[in-house]
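*Asks:* These are the residues of each chain, in order.
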Amino acid sequence: MTVTQFFFYLIAALAVAGGLGVVLARSTVYAALFLILALLAVAGVYILLASEFLALVQVLIYGGAVTVLLLFALMLTRTGDLPEAMTGAQWPVAAFTSAVLMGLLIAAGATSDWPGDTGNIAIIPFETVGDALFGQWAVPFEIASLVLLVALIGAIVLARQEEGE
Amino acid sequence: METAAQQVPLEHFLVLSAILFSLGVYGVLTRRNAVLILMSVELMLNAASINMVAFAAYTAPQAFTGIIFAVFIITVAAAEVGLALAIILRIFRNRQTANVDELDQLKW
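Protein chains in written order, with our numbering: chain A, 1 to 165; chain B, 1 to 108.
What the hints contain is simulated information worked out from the structure, not anything from laboratory work.
Mixed in with the good hints there might be a few duds.
Here are the in silico distance ranges between beta carbons for each label pair [as the list claims (entries may be wrong)]: (1) Ile-47/A with Gln-105/B: 40 to 48 Å; (2) Ile-123/A with Lys-107/B: 34 to 42 Å; (3) Gln-7/B with Pro-115/A: 16 to 24 Å; (4) Ala-17/A with Arg-93/B: 45 to 53 Å; (5) Val-68/A with Asn-94/B: 19 to 27 Å.
Backbone N, C-alpha and C define an ideal beta-carbon position, used for all residues, glycine too.
Here chain B stands alone, though its shape is the one from the complex (with noise of 0.2 Å):
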């Protein structure tokens, strides 16, 4: 197994997933938009999959699998992102909003 001189430690990208995911938890908890949520939800998937790649590279190189979890990843996005937007626009078509506060048919 060829290994690289690398000078950045495991921690730094596991600090640097942790920053993208936080931000993405605010995202989903402050946003009205639903396609802004869906767009911090986005930023925690990859902030998940930097996760994911980093340990393959520095831990386990044996196994790699984290490339394939991350590959599956963006597989499963991509699905839920075409999914999120045809319920959005569905929403929208109904509702005239795309704003989630506003949707509270079942707010009693």
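Next comes chain A alone, as it looks inside the complex (with noise of 0.2 Å):
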């Protein structure tokens, strides 16, 4: 086992093992920071896919703002009763429903014939994807700007308190 094969295989456990936590844990803040280790372990991935700019990206969006965010959510809507049941009474249906989907999806990606080199990876330079995204993306990149400014005036005034509430 090469040293890549390891970290991925560490990673990989690591992101399922966080994954597991966000919808297995019974307390909310536990699948909160099951979430963060999770994350951080999909950045390791872009890593090792040699996308290093994305990797960052991933740490500071979602391991930072994004789970900050969830956090604060978790604390505005504690009603502070006694500790109930986490997960609904539907979860034989649901967990059928995932494990076949799961089976369909790595029996897909397994099977198929992808075209390319599928055992090696090629470094893409990320001065040309900074490129791309600023010339032939950038329309999409500037709609992408006025999407989060919409967002960001929606969410204020969907959470703003009004006057006699």
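Combine both chains into one complex, guided by the hints.
*Replies:* Right under this line is the structure:
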């Protein structure tokens, strides 16, 4: 087993453990902490795929901002009453559905004949990606900034405490 | 195009992404708290991003569209989380609960 393989399987195991924690943890705060573990492991996967910029963005936006926001929401929506069941009664159906979906996805991914060299990765220099982002994909990039602005204003309008409430 | 010796085949990344996505589906279907459902959705979005970046690195290094896709997925996920949390806070303020199975005004 080479170093790359070792790190891949280590990071994959961490990601799956984090994911299991997110969906199975009995405490909401533990679920959020497991989510941080899973998201950081995904950042590690990006590094293994030679996309270090994406790994940085993942740590900053997901590992930092998004999880802090989720923890804030957990804090603000605490009812403080008795510990209640975290999962609904439909879990056998859900487990069956997701197991079938997982089987189908794995079968499709493993048996398909992918084009290109599926044994080696090509290192994409990030200058090229930056050039493309501000050249070929400039319009979607600007639209994404509009989406963020609209979401920001919408969130403020929705969450604002109105007079007399 | 520089290539790195990589011993992990593409399929293993796809399997990891499939496992994470299915876990997210399970969480969305079973969790009662709206914030926890949102976390499971984040898991699914990340699984999709892994797929995009893996395909970009392995099969189409000249197009690298997968990386651009992943950047946009992260952007839209940030916007989505902000809006969804505002809606959850609003619901909590009106109904004193963030459990989706108690929000049954539309049920008759």
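*Asks:* Taking the earlier hints as the rules, which of them does this structure contradict?
*Replies:* 2, 4
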